[in-house]
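So the sequence lines, in the order shown, correspond to chains R and Y. By numbering that gives the first Met the number 0, the letter at position 402 of the first sequence is numbered 401, and the numbering carries on one by one without gaps. By numbering that gives the first Met the number 0, the letter at position 448 of the second sequence is numbered 447, and the numbering carries on one by one without gaps.
Simulated from the structure, these hints should not be mistaken for laboratory data. Here the structure is a predicted model, which means the values were calculated and not measured. Check each hint, because a few of them may be wrong.
Copies of the same chain look alike in the list, so a pair counts if it works inside one copy or between any two.
[What the hints assert, rightly or not] Heads up, simulated SDA-like pairs for lysine to any residue below, C-alpha to C-alpha not over 25 angstroms straight-line:
#1 K179 - Q581
#2 K179 - V422
#3 K139 - D380
#4 K282 - L508
#5 K139 - G174
#6 K179 - K334
#7 K282 - Q322
#8 K540 - A51
#9 K334 - G174
#10 K334 - G225
#11 K179 - V273
#12 K46 - Q322
#13 K241 - R147
2 protein chains.
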Amino acid sequence: MTTYQAPLQDIHFLLNDVFQIDRFSNLAGFADASLDIRTAVLGEAAKLSEEALHPLNAVGDREGCSRNENGEVATPTGFRDGFKSLGEGGWIGLSAPIEYGGQGLPTTVATAVGEIFASANMALEIYAGLSRGAVAALLKHGSEQQKRQFVPKILSGEWSGTMNLTEPHCGTDLGLMRTKAVQQADGSFRITGTKIFISGGEHDLTENIIHLVLARIEGAPPGIKGVSLFVVPKRLIDAGGKPGERNGVSCGSIEHKMGIRGSATCVLNYDNAVGWLVGRENKGMEAMFVMMNEARLGVGLQALSQSEIAYQNAATYAKERLQGRALTGPQAPDKSADPIIVHPDVRRTLLSIRAFNEAARALIFWTALKEDLARCTEDPDERELAEDHLALITPVIKGVLSDRGFTNTVAAQQMFGGHGYIVETGMEQFVRDCRITMLYEGANGIQALDLVARKLPRDGARAIHSFFRDVNAFIDESAGSSALSPLVQPMRRSLRELEQATALLLQRLREQPNEAVAGSTDFMNLFGLVALGYMWLRIVKTANQRLAAGDSSPELAAKPLIGRFFVEHLLSETSTLLARIQAGGATVMAVPAEAI
Amino acid sequence: MTTYQAPLQDIHFLLNDVFQIDRFSNLAGFADASLDIRTAVLGEAAKLSEEALHPLNAVGDREGCSRNENGEVATPTGFRDGFKSLGEGGWIGLSAPIEYGGQGLPTTVATAVGEIFASANMALEIYAGLSRGAVAALLKHGSEQQKRQFVPKILSGEWSGTMNLTEPHCGTDLGLMRTKAVQQADGSFRITGTKIFISGGEHDLTENIIHLVLARIEGAPPGIKGVSLFVVPKRLIDAGGKPGERNGVSCGSIEHKMGIRGSATCVLNYDNAVGWLVGRENKGMEAMFVMMNEARLGVGLQALSQSEIAYQNAATYAKERLQGRALTGPQAPDKSADPIIVHPDVRRTLLSIRAFNEAARALIFWTALKEDLARCTEDPDERELAEDHLALITPVIKGVLSDRGFTNTVAAQQMFGGHGYIVETGMEQFVRDCRITMLYEGANGIQALDLVARKLPRDGARAIHSFFRDVNAFIDESAGSSALSPLVQPMRRSLRELEQATALLLQRLREQPNEAVAGSTDFMNLFGLVALGYMWLRIVKTANQRLAAGDSSPELAAKPLIGRFFVEHLLSETSTLLARIQAGGATVMAVPAEAI
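Take the sequences, apply the hints, and build the full model.
Below, the structure is given as structure tokens:
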């Protein structure tokens with residue numbers, strides 16, 4: 000049986016001290032997110048997660064979802080109450096505008112809360128996450144009537160939202176889409192087709208489900224340029240604004256999955272379902288990208304959340320499990336054996352996870368802050384910088400954090416030996432649940448391709464050069480500090496390696512694109528490590544300042560050590576990554592397909 | 000749904016060409032394993048695996064095992080027939096002595112067959128593997144009467160075997176063991192205690208189960224020096240040699256596991272069960288090590304087997320799945336999209352698995368050959384060399400192959416995108432099944448500790464220096480070959496890094512043991528990569544010779560390319576591993592436990 004304790008101390012340290020978000024009280028939402036309010040909000044989220052949502056996590060996995068012959072889907076015991084708490088507590092719309100029923104808080108704060116919910120119960124949080132994505136698309140592209148009609152009900156948790164992209168023959172390549180939309184005299188459309196892998200496509204948590212569906216209007220141009228976005232409620236809304244008659248959409252089956260079994264993954268059959276266009280004709284992909292980018296950052300957060308809860312349980316176990324003796328002699332001579340945390344390899348494993356988690360959380364918060372800036376600032380240069388950062392870092396957060404977050408859940412399970420393989424221990428569920436983060440919202444190979452072939456060269460590589468400027472400036476500032484010196488030299492070297500790889504890939508993209516993208520996953524990892532290393536520099540600098548000011552706690556005192564562990568044990572991989580990128584794609588492309 | 004095709008071409012290439020096992024026809028067993036016989040044996044194993052055993056793999060996972068209230072355990076549909084085929088076909092005793100009912104073939108050949116069975120159905124193969132382990136311990140330490148009584152029946156598959164080590168409070172640290180044995184007037188013992196994680200501890204595949212059980216004789220010295228080995232049949236053997244009355248051992252429960260669900264993992268309760276001493280009093284650990292070392296090599300083989308079948312299915316899918324277009328323009332313009340194998344990152348992923356699989360197979364076969372040599376040779380120097388190799392390489396094969404084999408099953412699943420997460424696709428079962436290989440028979444952290452703290456320094460580091468001599472000699476021989484030059488330089492560098500790490504760790508072991516073992520996992524990986532790289536040198540050299548002799552096939556022509564891929568994309572990690580080992584344990588040990 001697993002437990003969870005929200006890492007409030009670390010979250011506050013990042014928000015208050017490292018990123019000093021109180022600096023931004025001039026921006027919309029931030030004034031309503033003062034330290035007192037943040038403390039209260041995060042404290043309530045922690046309580047709900049620890050006491051109500053996490054105890055449902057194993058239940059959700061054990062029971063899973065089930066579909067009856069009428070196509071109705073039952074969620075696991077307790078999920079209805081859990082989802083109700085999220086809606087009634089205002090947790091679904093934490094950062095949504097107040098005028099549509101949201102709480103109006105910054106994305107940065109909502110992101111911190113999101114980690115806590117996802118750690119506690121990822122499968123349940125997915126329903127809320129999809130609702131948030133649907134709201135984001137409606138707010139950005141929907142008509143005022145659509146916003147008024149759907150958003151408040153979704154944010155209250157009375158209704159929920161979905162996104163419908165994938166079809167059986169097309170996942171990544173949405174240009175192959177077949178679902179069609181036929182316009183009616185009243186301006187509405189009739190939607191027909193089959194969508195698969197629809198999270199929350201059918202369930203018993205809410206009285207209505209609002210589907211956002213990509214489809215092709217009759218006569219639209221081929222490929223993704225002919226795709227439009229529609230809103231299709233499961234139950235049509237009657238004159239009083241209530242869910243009435245069933246629409247022509249039904250759940251054909253649900254998937255049996257490796258994990259996140261409490262989240263219903265549905266095949267949805269659209270049969271002349273009534274829908275309304277969201278945004279403009281044939282511009283559906285743009286609208287969908289709003290949801291997709293939000294979702295990709297959310298997936299990175301999910302991966303961190305599983306890495307965090309897996310770490311907590313592994314660290315506790317390592318301090319309790321008595322087995323063998325330290326190489327240097329008994330450390331707990333009064334006991335039958337020493338706790339396994341005396342072993343260097345156990346500590347190395349735990350610190351590898353921890354060193355990732357703290358930096359990954361910082362990277363996500365920093366990026367959430369850029370989202371807030373991009374939305375709220377009135378300075379066009381600042382907005383451009385923030386938007387550049389978001390575009391560039393989104394595939395890195397999705398890809399690197401999910402790859403490493405998954406690896407961390409495996410490493411945490413490993414601490415339990417054979418007991419980690421037993422379902423009741425609960426560690427293997429984190430592995431299975433986290434595995435989806437590498438696959439959905441674009442498998443990680445696609446993230447690497449997006450990073451190297453699209454995001455990197457865009458606008459003359461403006462975004463990555465602005466990242467280089469930031470990091471170089473921080474390194475230069477830190478160079479005089481002897482306390483930071485164990486981090487500064489390795490960071491400078493790794494940054495140079497990233498700069499070198501960048502120049503090489505930009506050149507290859509022009510001359511031999513296959514050579515460039517053969518190194519795309521290695522480049523994504525190289526970039527990710529440097530970004531995480533940069534976060535450690537900022538964390539350690541801040542920790543040192545607080546320690547110098549007389550603050551003290553074992554956690555604060557440990558940060559410079561964990562930061563040094565990061566550069567010695569994780570960041571050190573960058574030289575191998577550069578060497579691989581330089582080796583390029585010669586062998587990769589030369590082996591004929593029939594010999595593979 | 001997954002398929003399997005035994006990699007016969009590659010197996011024959013290794014046995015016939017790379018290791019030229021026909022050179023050893025002077026050794027016991029080898030004369031009976033001529034090319035014709037090997038071809039027939041491997042062909043039959045392939046047929047049985049592909050047609051009968053693999054189709055049971057998904058069934059076994061879906062149904063799992065179940066225990067009724069009498070403590071009887073039912074295996075999945077078809078497993079009885081599958082196990083019967085293994086017994087009746089002589090597959091359980093392929094390398095066991097003919098006089099006890101075995102086939103008398105070399106371990107090298109039995110190992111090749113073992114991979115095939117484990118790929119096809121790992122959960123089913125585990126029952127046979129445990130039987131082989133029990134036979135090995137009985138043949139080495141049992142009395143002549145015990146051998147005659149138990150071994151032929153186990154090899155025929157009428158009975159099966161188990162090994163009982165772990166107790167609820169002790170896995171790694173067997174000195175904490177509590178199960179006790181009380182001697183009776185007739186020379187037998189009464190065994191009482193609880194054993195957990197007993198694979199095949201109870202099932203319906205055979206009419207009897209022969210348990211090999213570690214227990215402490217009343218009054219024995221504390222710790223592992225007071226542990227003895229006993230044979231305890233589930234049903235006592237009557238005067239006619241048939242299973243009769245039930246013995247005092249029963250299955251208290253079975254585990255719900257992440258994977259290998261067709262393999263029954265049992266809690267066994269011994270309540271005054273009748274048992275007989277195997278070998279000498281208080282020398283149980285020695286006897287058990289015979290089984291344990293065999294089992295550890297077997298676990299490496301299992302990991303390879305899952306990496307292989309996962310690879311096969313991923314490669315097939317990558318050639319069939321149409322999605323998107325190549326960056327360099329359509330490759331299949333007549334189709335709606337290109338197969339995803341056109342993408343460099345897909346190829347890189349597949350080749351990473353493939354480059355590991357071929358070298359891992361070679362490393363296992365090379366080591367199996369050393370087992371045959373250690374057993375059969377009359378030259379004491381050759382025996383010492385072979386035994387040194389086995390002791391040193393066993394933790395590497397167990398640890399490195401299971402870590403990387405598991406990672407490969409994840410990478411293969413990744414090729415399927417979201418479809419890989421669906422149970423029916425079958426790819427996620429390989430991930431879940433393979434996960435156990437990192438945990439059982441000593442979690443991989445224990446393997447790394449065994450390697451660095453015990454195997455490395457033993458006899459003045461004689462074993463690793465003999466490995467260095469072999470590899471250095473091969474590199475020197477190959478240095479003149481221009482065809483081998485892309486491999487030789489990187490191999491020489493990586494070998495130097497391993498030599499450097501070895502010297503450093505040997506010094507630290509004497510001076511600061513925690514500093515040494517903080518690098519144990521990195522060292523294990525460094526050693527593993529160099530050993531796999533050495534295998535690639537040998538494979539490519541042999542392939543080049545055959546190609547020069549006019550032999551040709553796409554597979555043969557691809558080997559030099561895949562070998563080069565290995566050194567550029569996998570072996571290149573060695574410099575990072577050395578850097579981490581050099582960084583040592585300072586940060587690892589400095590963080591106080593309460594901050595972890």
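Status of each hint after checking the structure:
1. K179 - Q581: Answer is neither; intra-copy 46 angstroms and inter-copy 61 angstroms both fail.
2. K179 - V422: neither (43 angstroms within a copy, 30 angstroms between copies)
3. K139 - D380: within (22 angstroms within a copy, 78 angstroms between copies)
4. K282 - L508: For K282 and L508, the Cα distance exceeds 25 angstroms both inside one copy (28 angstroms) and across copies (65 angstroms).
5. K139 - G174: Result: close within a single copy only, 23 angstroms intra versus 65 angstroms inter.
6. K179 - K334: This pair counts as between: shortest inter-copy Cα distance 21 angstroms, intra-copy 70 angstroms.
7. K282 - Q322: between (61 angstroms within a copy, 22 angstroms between copies)
8. K540 - A51: neither (37 angstroms within a copy, 62 angstroms between copies)
9. K334 - G174: Intra 65 angstroms, inter 14 angstroms, cutoff 25 angstroms: inter-copy only.
10. K334 - G225: between (70 angstroms within a copy, 20 angstroms between copies)
11. K179 - V273: within (12 angstroms within a copy, 73 angstroms between copies)
12. K46 - Q322: neither (34 angstroms within a copy, 45 angstroms between copies)
13. K241 - R147: Close inside one copy (13 angstroms), not across copies (80 angstroms); limit 25 angstroms.
When the structure is compared with the earlier hints, violations turn up for hints 1, 2, 4, 8, 12 and for no others.
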